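Visitor: Listed below, chain by chain, are the residues.
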Amino acid sequence: MSDAMLEIRGLCAAAGDQEILRGLDLEVRAGEVHALMGPNGSGKSTLAGALAGRPSVTLTGGQILYQGRSLAELAPEERAREGIFLAFQYPVEIPGVTNSYFLKAALNAQRRHRGEEELDAFDFLALVKQKIAALKMDEKFLSRAVNEGFSGGEKKRNEVLQMALLEPRLAILDETDSGLDIDALRTVADGVNALRSPERAMLVITHYQRLLDYIVPDRVHVLARGRIVRSGGRELALELEERGYAWVEEQLAGEPA
Amino acid sequence: MAAETSRETLEQLARRDYQYGFVTEIEADAAPPGLSEDTVRLISRKKQEPEWLLAWRLKALHRFLELLEHETEPTWAKVQYPKLDYQKIIYYSAPIQNKKLDSLDEVDPELLRTYEKLGISLSEQKRLTGVAVDAVFDSVSVATTFRAELEKHGIIFCSFSEAVQRCPEIVQQYLGSVVPYADNFFATLNSAVFSDGSFAYIPKGVRCPMELSTYFRMNAKGTGQFERTLLVAEEGAYVSYLEGCTAPMRDENQLHAAVVELVALDRAEIKYSTVQNWYPGDENGKGGVYNFVTKRGACRGYRSKISWTQVETGSAITWKYPSCILQGDESVGEFYSVAMTRGCQQADTGTKMIHLGKNTRSTIVSKGISSGRGQQSYRGLVRIGPRASGARNHSQCDSLLLGDQCGAHTFPYLEVQNASSTVEHEATTSKIGEDQLFYLRQRGISEEDAVSMIVNGFCKQVLRELPMEFAVEAQNLLGLSLEGSVG
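Respectively, the protein sequence lines represent chains A and B.
For the first sequence, my numbering assigns the number 1 to the initial residue and increments by one for each residue that follows.
For the second sequence, my numbering assigns the number 1 to the initial residue and increments by one for each residue that follows.
Because the hints were derived from the structure by calculation, they are not lab data.
A few of these clues could be false.
To give an idea of the interface, some chain A residues facing chain B are shown, with a C-beta separation under 7 Å as derived from the structure [to be verified]: (1) Ala52; (2) Arg54; (3) Leu86; (4) Val92; (5) Ala105; (6) Gln110.
As the structure is a prediction and not an experimental result, all values here were calculated from the model.
Glycine included, every Cβ here is placed at the ideal spot set by N, Cα and C.
Isolated chain B (complex conformation):
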């Protein structure tokens, strides 16, 4: 009987309702569904892009159409979904705003309310202390806060579209330099039709005084979201960047194929954190977002550092491998991940650490939690190139199973071409223990709190990497209480 109740509690936790599933009624300017040169030209025209960018998009489009024709959509991930019809997706949708906005007061109040409801205040009076927000609604950025403050430091933080107008030379120099347009199926699609995203440039020697953050909201029906984010940290610069994502509950699947490129030069450091909570679909697997994302950072400079932290709780399917290319000598790559799959969610996620420079170091900590009928795979590549003498990697992949209908899988790939390197891989799989639950309950802690406490403890190594503002949100997402500051 007691074993039954604990299963019920686990299932209740796993079925917790999606709180962000509402739809905003707002008039949208949308392209007709389908993928063609016309679609790409339309997007480029809407954004008044320079010729070189349109040309780049078109190259990507032709490449994608070729891939589509040869049916080379990747199938190696351990996820299952019906074939997508790329001609039925709407590639551009923007809330109608009458003119270019000079201040937040001019943003459609309905949009502001949407973000308030999501817990993201765009009003600078009610701001989260020390966080500048770029809000992206469907295909466009609707507001960026704290720009003036950032500009004092020479930091550019704006929507990608705006960056194309403001500093085209920087965009042209770095766009596609980390994730080339022909990199992979979904990155190629993104390169052709990307709509908006965030851009940040931190000049030499500047330590960004606040967290930069983008909040992505997918709203319109039948629309794909293809944002593109580019962060460049010049020599000695530092930036911490956060992104959050939600989408309405819809019965049909929505495609999200984003690309994120990071560039860190000598001694620069980029900390990139994600709390991903796209709609996961209902408990029978109907609806939900397909999150097919390419994220990669290049540590180009000596002693540069890129650190990815992700908490992945949403999406019907996640296909995502935030990676680091460690080119600069003594550069450092980190990947901290918590992924939770519930209901019928599937996640195939991990990282790639490509060691090219000497004495490069990387750390991978991956925590997977599966419940319900969730299926989860860690897939990680560690490659040590021939020149990467003294390179070190440590990987730790732990899976926690709640219940007996879920699955956890680990696919580590190691390619070592330099004998002086050190590569370590540890993996564990555990079930949430009846003994652990009983121990906590015997002290008066309710079963639900006991489960939260155990899960929280399991993820702690990753959660503590998140900036404070996000740690709270992430823990709430995981159905966890905030671990006390005592001790």
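So that you can see chain A by itself, here it is in the shape it has in the complex:
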């Protein structure tokens, strides 16, 4: 019995009717930050979907154990309440629903699940304002509809705000750096770093090494053709940056697809 927070064994999964993950193994312990890199189409977002319970992703083999428990039977909201958070690559717009209402509903759903008292409007507002200030965001965010008319950077910051508020045990960041300029990238990374703690694990999915200058990972994994093909320390990311994904592909060329 391992003490990993997340233990993935031989995971096979399909997105729609296309087989994407083909026997993926991964282990993440509390307190660790793992980076997952890989070329487009290698299965990064499918893995994120499989962990969070995205309906369009079907598990076809292997297993995912989260805190020793199989995720397969848990609905997305149950996984969320158990502490799994996914920062979306493409955050969704919900017209007419204010951000503050949504955030409060989400936080209270999770507090209810943990047997904690729900926050009233005043306590919630005090808490969220504190988080917003830490992320250098404008309070106007709260009264706008969820992600509606947000710029790319605002959407990503809103994801980090949600993460800061919900304080998950396992946070999965799906290409949170894509579409960010350098200042926004720094703010987002600061937000993420502030959440690093011995009780929390993070899986940072990215296409580029750049983000890892700001969020320094404990482990780096390279995903290709639905499997993790290399794992290493931080230097692996730098090597990838230098040699490109073609290098990984070349190494795999001899193997059957």
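Given the coordinates of chain A, assemble chain B onto it according to the supplied hints.
Guide: Frame of chain A, contents of chain B only:
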């Protein structure tokens, strides 16, 4: 599998039970079924009406019988129902009350209990703050609250029948002036046999200090409900009026053909809100109310304003187009609508904005939600008359589909006869997104709450137009939680 569960949740939401389907056991004084001069005379006699009103009813009756003979019941709406037999309907039914009531204490306790059960307290001690209620049970008004308070301001708020006795000259001046007796098939029927309804008169310069409200309850079996409401706001007056409706669950269809007329003079403003929750029938389409209603307001005066807000969740069939005739220069018409169809419900609803005066403005916001096998159409007319220079209209019609067996349709009609006017029309149709649901659920929000939240957001533009007292009821009706006051 997950897609299946979300469909199930949607269907559960759509099948939510009708909570107002009980029947009150009360003795009723009813006319025999059928439509004839005798029926009309009986109704008029029961109400001790003046001769001119009976004559008006009879004109309407003859017109209706003619229409019936030539089979001119309207068929242009996108709704389907078996032909109605107008000779089988009971046109008058009233709970028996022994004498004229001087106070609420004398109202049959069974009736009071009925309204309590519906969440409408007629007892002034337990009143909703700032709302005066006229309760209409089948064909008659059973109680009106806060009359004394209103009278201090010169406001008349009572049942239509009583207004005929109290201020016949006002009734005679305005009755049929916005919706003439020959206006359309159902309005003509109503003009012949209308039973009761509410009447409000707001004198010059008076801002009505509380919400006026009518609660309609259809109870007796096989009975049609034909209420008639007339609101007149004199120069500079303001009134906000709300109506709510429920009916018992019955296997046969009940006909509801109401007429509402509003008149706003110079700088007067009328805000008219409806939460309609007549029995919609069961999930297979058995039973339910046919809601064939004519509602129209005339902005007669300079800078007058009429605003319709409706939340339509009930009725097997809805056929309803609250409209504004913008006669006065710079007058304003508004129509905000949320219509929800579930099960086998059909709704053909919208508005007419008739711009006659200069620089008149109108706004239309229509939100349709369809689920189950519900069918829904928005039908709206914007007409800019030749004299209406500088007129502006903006229409926005959005449809949200829950599931894949329902339908949404949009029929906009634009008639523009003045080149200096501006008319804009936007329409969208969307399905409740798998991505939206997943996003909310990933944050720990249950699927049912996520659906409610998305629907609530979709309707927000309309719900925020409702007076506070009704916003809560409307959101509950839509199966929604109240959007927080934060932010």
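Visitor: Which constraints among the numbered hints does this structure fail? Numbers only, ascending.
Guide: none
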